Amino acid sequence: MRLLAVCDLSKRFGGLAAVDGVSFDVHEGTIKAVIGPNGAGKSTLFNLITGFDRPDVGSVDLLGCNIVGMNPHKVVRAGISRTFQNTQLFEELTALDNVLVGMHTQLRTGFLGGALRLPWTLTEERRARERASYLLRLVGVEQYVMTPAADIPHGMRRLLEIARALAAAPRLLLLDEPAAGLNNRETQSLARTLYRIRDEGVTIVVVEHDMGLVMEVSEEIVVLDRGRKIAEGPPLLIQKDAAVIEAYLGEEGEYV
Amino acid sequence: MDSAALLQFAIAGLKNGAIYALVALGFTLVFGSTGIINFAQGEFFMLGGMLAVFFVRLGLPLPIAVIAGVLATAGIGLAFERLALRPRRDSGPLVLIIITIGGSMVMKSLSRHVFGGSELSLPAFSEGPSIVVAGAAIERQAFWVWGLTIIAVVGLTWLYSKTKFGRSMRACSLSHEASRLMGIDTARIVMVSFGLAAVLGGIAGVVVAPLTQTSFDVGARIGVKGFAAAILGGLGNPIAAVVGGLTLGLVESMSIAFISSTYKDVIALVLLLLVLFVRPEGILGRATREKV
Amino acid sequence: MRWTRRRLGITLLGVMGIAIAAVPFLTDDRYLLKVLTFVGVNAIVVAGLALLFGYAGQISLGHAAFFGLGAYMSAYLTTTHQTPWLLAVLAGTGIAAAGGLLLALPSLRLKGHYLAMATLGFNEIMSVLFVELRGITGGNNGLSGIPFPSIGSFVIDTPAGIYLLVWGVAALAFLGAANLVRTRPGRAMRALHGSELGAVASGVDTTRLKVQVFALSAALAGLAGALYAHAVGFISPTQFSLEFSILLVAMVVVGGTGSLVGPFFAAVVLTLLQYVHALIPGLGNDVASVIQDWEVDISGMVMILTVIFLPGGFAALVRRKRIGVAVDGETV
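Protein chains in written order, with this note's numbering: chain Y, 1434 to 1689; chain F, 148 to 439; chain A, 4 to 335.
Pulled out of the complex, with its shape left as it was, chain Y reads as follows (with noise of 0.2 Å):
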C-alpha cells in the first residue's frame, strides 16, 4: 500500500534550486534509502516532508491526505516523526525523559492534571514510562535509562534519538543520516536495529553516506543529484545506474 506519495516538490533558497520536481512514492512495511552526494538536496527534502520548511510548489500525500503547509507538530501528530543530521537531544533530561517528550502526542495530560496528579494521570505516566522502556530496550540504549542525554556517547546519542521519534508512534520514521560517526560494529547493530523498528510495521525513509548500510537494509532507493532525482530503483540496480556513478565520480569515487 502507498503510504506517502512525494509529487513534483521543489524549493529554491534565493536563486539556488536545493529540490527540484522530486517524486517519489513510499510503501508501507519498506526501507527507502535516498542518497546522493553532498548538497544534493537530501536534507531539504526531509525537511519539506515534515513541514520545516514549506515547498514552492508540490505535494506530499500521506495515506492520500495532502500534509504541505502543515506545521511540523501537526506532522509528527499525522504520523511522520524524524531525526535530524545534528542530532537535537534534549541534553539536561534523562533517555527516559527524551523519550517520554518523544510521546508527547500520544499522552493527554494537560496542565490541570498534570498539576493536580489526578488518578488517571498517574496511570498515563505509567503506561507511558512502560513504553518509553520498551521503546529505549528496542533500539538499544536501555543501559543509559537515567542518564542525562549530554552524558551518553555518541552512537548511542543517535539510537536515542531514534527511540525518541519512535514513541510519536509513527507511521512513517525520516532518519537523516543516523550511521553518521558510528563505527563498524555500531552501524552492523543500527541495521538490526532499523529491521526490528520495521517488524514493528514502521515505514521508514532513511538518508545516508554509508553505502554499505544502504545497500543492506533499504528495499529501494532514490538517488539526488543537485536537487533532482537521477535514479530510482533497487540497490543492484542504483549500484549500475551509468548517472549515478557518474554523479558520484563528479565527487567522491569512494561512495560506489
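Each hint should be verified, as a subset may be incorrect.
Coverage of chain A stretches by chain F, computed from C-beta distances (three or more under 8 Å per stretch; other residues unrestricted) [stated by the list, open to error]:
1. 58 to 68
2. 121 to 131
3. 248 to 255
4. 298 to 312
Label pairs and their computed distance ranges (CB to CB) [to be verified]:
5. Y:Asn1504 to A:Leu175: 27 to 37 Å
6. F:Arg314 to A:Leu282: 54 to 64 Å
7. A:Leu29 to Y:Leu1551: 28 to 38 Å
8. F:Lys311 to A:Leu282: 55 to 65 Å
9. A:Gly148 to F:Ser407: 28 to 38 Å
10. Y:Val1578 to F:Arg229: 44 to 54 Å
11. Y:Arg1570 to A:Leu175: 36 to 46 Å
Simulated from the structure, these hints should not be mistaken for laboratory data.
These numbers come from a predicted model, not from an experiment.
All residues carry an ideal CB built from backbone N, CA and C; glycine is no exception.
With chain Y held as given, fit chains F and A onto it using these hints.
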C-alpha cells in the same frame, strides 16, 4: 491650533527625537558588533548627566565637567564590558540579557548612593534667551542637541563605512568566528563598541540635562524609548536609528498636541510593542528569513 | 540509593513545611509575621516565574505588572463594589492571566532579546496606567482601606491568619509546579528549553506551550498580587515597578534554572534582605539600615556574579551530577 504652536510642538519633538536617536545609536552600535541588546544603555544616559553635574559641583568649569562626565561614562562602559560581559561572552542571549540588566540595576542604585536621590540640573551650555523662529521659541540648548546628534551620526557613518575599524565591526556583526579567523581582534571590537555606546549615551545625558532635570532613575525609561527608536528604524545602521528617534519624538509631541500629555510615554511604548509584533525588522530594516 | 535520596528530600521538605506552618504559633511579633507573609507572596510569583524562565526558558521583565494587575483588580472590586473577597481574588488572577495571554500571543514569536524588551515595555505601560487611571487606581495615592480576606462572615483579620493563608497558597503553588514539571506539560517545557527543534519534532506545539506557560505564570503573579493587596490593605503604583520585575527574575536566576527549590530559597533570602532588622533583632539599627539601603545593589551584584560564576544558580551547587547547562541551554 495655529501654525506657530504646531511648529513649537514639532521642534520639541525633534529635540526629544534627537536624544532618542543618540540613545538608539548606542543600542545599534553594541547590537551591531555583538548581537547583544544592552539593557544598561539607558544607565549610560543617566550617568552622563549625573557625572557632569557632579563635576560641576566639584568646581570644574562647565565645558570641562561636561567632557569629564562623558569620558567617565565611557570608562564605566568599558569596565562593565571587561568585568561583567567578557567572562560570559560566548553564552546565549538570556545570560547576556541578565548581565546587562543586573548591570543597569547596580549602576542605577550605586548612583543613588553617590549622587543622592534628588533631581539635579546642569547649566545651559550657551547663555542667552531662546531664539524665535516663525513664532516658535527654540532654546539655545536645543541647537547643541541637534549639533551633537549630527556630529555623532556623521562620525559613526564615517567610522562604519570608511575605516578599517568600522569594517572589522561589521564583520563582527556577521560572524564572530569568521572574524576571528580573519585575524580581527573581536574582543577589542566589542570593548570599543561598548565604550562608544557609553559615550553616545553620556553625550545624550549631558546635553539634555540643562533642558530637563536629571536623577538617578531616568535610565530605564529613556532606555526603553531609545530602544523603541532603534527598533522603529531597524536595528542596524546609524541612519535608521536617527530616523527612528526623530519619528518617535515627533509622534510623541504630536500626541501631546492633539491628544493629551498624560499618555505621552504610553504612546512610545505602544509603538514599540506594535513594531515588535508587526515588523520586528523595523521600518527601514530588511526582512530576514529565519533558517531552521 | 536513589530511594534514600528521594526520601531524604521529601523528609526535608516535610520538616520545612512544618517549620513554616509553626511560625505563627511560636511568635506573635506582628511585624515579623507581616514580613514573612511578603516572603510567601513573592514565593508564589517565583513559582510561576521559575516555570516560565527556569524550565521553559522564556524571559519576562513584566511580572510586576501582572502582580499589580491582580492587586488593583481585587482591591478595586472589594473597596468600591463590595465584591466578595474570594470572587475579587479570582478576578485579579483572571485579569492577570488574560493580560498575560494578550501579551504572550504576539510576543512569544519573538526571541530572547526582543521578548525581554517587549515585556519590559509592557511593565512600563502598566506603570503609567496604574498612575493615570485614577478612577480605578487612585493615581499616585493608591488604594487604601482594602478589606481583610473573608469568606461569608468568616474574616481572616490577624497577621497569623493571613500568614497561614498566603503560605498555604504558596505551598499549593509549589506542589502544583513540582507535579507539573514531572508530567507531560512540564517535560515539554524542559524540552523546549533544551532544543526547540527537537521539541517541535516530538510533536510539541511550542507556540501554544509558551503562551500557556506565560499565562499560567502571569496568573500566579496576579493571584499573589491580589493576596498581597488584602494582606497589607494599601497599594500604590511604586510597588509594581520594573525594579520589582527585575528582582523577581533575579530570584529565579540566583536560585537556579530548572529548579523550584533553588528559586524558592532565593525568593526567601532576597525578600528578607529588604527587612533584615525584622529577622535579626540583635542587629543594630545602623547595620540594618545600611543593608536595606544597599539591598538593590546587593541583589544586582549577586545576580551578575551568579550568572558569571555559577551559571546553573545555587541549585546547581546542590545537584550532584553535572553542573547545569543553565540559561545557556536555550535555543536561539
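Let me make sure I understand: some of the numbered hints might not hold for this structure. Which ones are they, in numerical order? No numbers; nothing is violated.
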